[in-house]
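Peer 1: As a plain string of letters, each chain reads:
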Amino acid sequence: QQQVKQSPQSLIVQKGGISIINCAYENTAFDYFPWYQQFPGKGPALLIAIRPDVSEKKEGRFTISFNKSAKQFSLHIMDSQPGDSATYFCAASKEGETSGSRLTFGEGTQLTVNP
Amino acid sequence: DAGVTQSPTHLIKTRGQHVTLRCSPISGHKSVSWYQQVLGQGPQFIFQYYEKEERGRGNFPDRFSARQFPNYSSELNVNALLLGDSALYLCASSLGRGQWGNIQYFGAGTRLSVL
Numbered sequence: 001q002q003q004v005k006q007s008p009q010s011l012i013v014q015k016g017g018i019s020i021i022n023c024a025y026e027n028t029a030f031d032y033f034p035w036y037q038q039f040p041g042k043g044p045a046l047l048i049a050i051r052p053d054v055s056e057k058k059e060g061r062f063t064i065s066f067n068k069s070a071k072q073f074s075l076h077i078m079d080s081q082p083g084d085s086a087t088y089f090c091a092a093s094k095e096g097e098t099s100g101s102r103l104t105f106g107e108g109t110q111l112t113v114n115p
Numbered sequence: 001d002a003g004v005t006q007s008p009t010h011l012i013k014t015r016g017q018h019v020t021l022r023c024s025p026i027s028g029h030k031s032v033s034w035y036q037q038v039l040g041q042g043p044q045f046i047f048q049y050y051e052k053e054e055r056g057r058g059n060f061p062d063r064f065s066a067r068q069f070p071n072y073s074s075e076l077n078v079n080a081l082l083l084g085d086s087a088l089y090l091c092a093s094s095l096g097r098g099q100w101g102n103i104q105y106f107g108a109g110t111r112l113s114v115l
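Chains as they are written, first to last, in the working numbering: chain A, 1 to 115; chain B, 1 to 115.
Read the hints as simulated data drawn from the structure, not as lab findings.
Model, not experiment: these values are computed from the prediction.
Be aware that a few hints might be false.
[As the list claims (entries may be wrong)] Below, computed lysine-lysine pairings styled on DSSO-like, alpha-carbon distance capped at 27 Å:
hint: 1; chain 1: B; residue 1: Lys13; chain 2: A; residue 2: Lys94
hint: 2; chain 1: B; residue 1: Lys30; chain 2: A; residue 2: Lys42
hint: 3; chain 1: A; residue 1: Lys68; chain 2: A; residue 2: Lys42
hint: 4; chain 1: A; residue 1: Lys57; chain 2: A; residue 2: Lys94
hint: 5; chain 1: A; residue 1: Lys58; chain 2: A; residue 2: Lys71
hint: 6; chain 1: A; residue 1: Lys42; chain 2: A; residue 2: Lys5
hint: 7; chain 1: A; residue 1: Lys15; chain 2: A; residue 2: Lys71
hint: 8; chain 1: B; residue 1: Lys30; chain 2: A; residue 2: Lys94
hint: 9; chain 1: A; residue 1: Lys94; chain 2: A; residue 2: Lys5
hint: 10; chain 1: A; residue 1: Lys94; chain 2: A; residue 2: Lys58
hint: 11; chain 1: A; residue 1: Lys57; chain 2: B; residue 2: Lys52
hint: 12; chain 1: A; residue 1: Lys15; chain 2: A; residue 2: Lys68
[Said to hold, decoys possible] Here are some of the chain B residues that sit facing chain A, going by a computed Cβ distance under 10 Å:
hint: 13; residue: Val4
hint: 14; residue: Ser33
hint: 15; residue: Gly58
[What the hints assert, rightly or not] Restraint-style ranges between C-beta atoms, simulated for each label pair:
hint: 16; chain 1: B; residue 1: Ser65; chain 2: A; residue 2: Leu46; range: 22 to 30 Å
hint: 17; chain 1: B; residue 1: Thr20; chain 2: A; residue 2: Glu56; range: 42 to 50 Å
hint: 18; chain 1: A; residue 1: Gly41; chain 2: B; residue 2: Asn71; range: 25 to 33 Å
Even glycine gets a Cβ: it sits at the ideal position worked out from N, Cα and C.
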């Protein structure tokens, strides 16, 4: 059962453009929403994360927009660079001291930024 | 500072064999999680351990087992390997408690090929 759906599957953007990746979740108990970046042969690296008490979080060129009522969140990459070419995963989890936190990942978006 | 380290990097096994994968968390992190990433998909949660206790288990058969040692390192064991077990196995570590205790940092993974 896919609890986090991610789109698009692949994305091609020109250098300097804006990359937008969208995710939708089903489990309303989720309260932590990170984005990970993965390069070939590497493990996922945490990029930026948000909790549902805010609607937007910005770190440098990366912004997460969060819509709790629609159960959707998105990643915006401003001024996209060829070095941003990678696979991006959204994820969600329900935090808990005793229950731990299992991340549920989306299917991934392969981003290509052309020079 | 060293990040999450996993060994071995690559592994080739045949069907029916068993395999042991190892993970050393970031210094100071007391929680370790294991994920399976099949090519072209997002990581799938297998196990989480905190202070040597199992905190969560994903939807994987009993052929998969894990443990955490007093130094917080961890092993993932898979018995009776199947072709479908071929994947990148990722280990993630986290503090395990506190406001940011569940933020997970991933290692580079172990690439397992089952022939």
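Peer 1: Confirm or reject each hint.
Peer 2: Checked hints:
no.	hint	verdict
1	Lys13(B) / Lys94(A)	violated (35 Å)
2	Lys30(B) / Lys42(A)	holds (23 Å)
3	Lys68(A) / Lys42(A)	violated (32 Å)
4	Lys57(A) / Lys94(A)	holds (19 Å)
5	Lys58(A) / Lys71(A)	holds (19 Å)
6	Lys42(A) / Lys5(A)	holds (23 Å)
7	Lys15(A) / Lys71(A)	violated (30 Å)
8	Lys30(B) / Lys94(A)	holds (19 Å)
9	Lys94(A) / Lys5(A)	holds (17 Å)
10	Lys94(A) / Lys58(A)	holds (22 Å)
11	Lys57(A) / Lys52(B)	violated (35 Å)
12	Lys15(A) / Lys68(A)	violated (31 Å)
13	Val4	holds (7 Å)
14	Ser33	holds (7 Å)
15	Gly58	holds (7 Å)
16	Ser65(B) / Leu46(A): 22 to 30 Å	holds (27 Å)
17	Thr20(B) / Glu56(A): 42 to 50 Å	holds (44 Å)
18	Gly41(A) / Asn71(B): 25 to 33 Å	holds (27 Å)
Against the hints set out earlier in the document, violations occur for numbers 1, 3, 7, 11 and 12.
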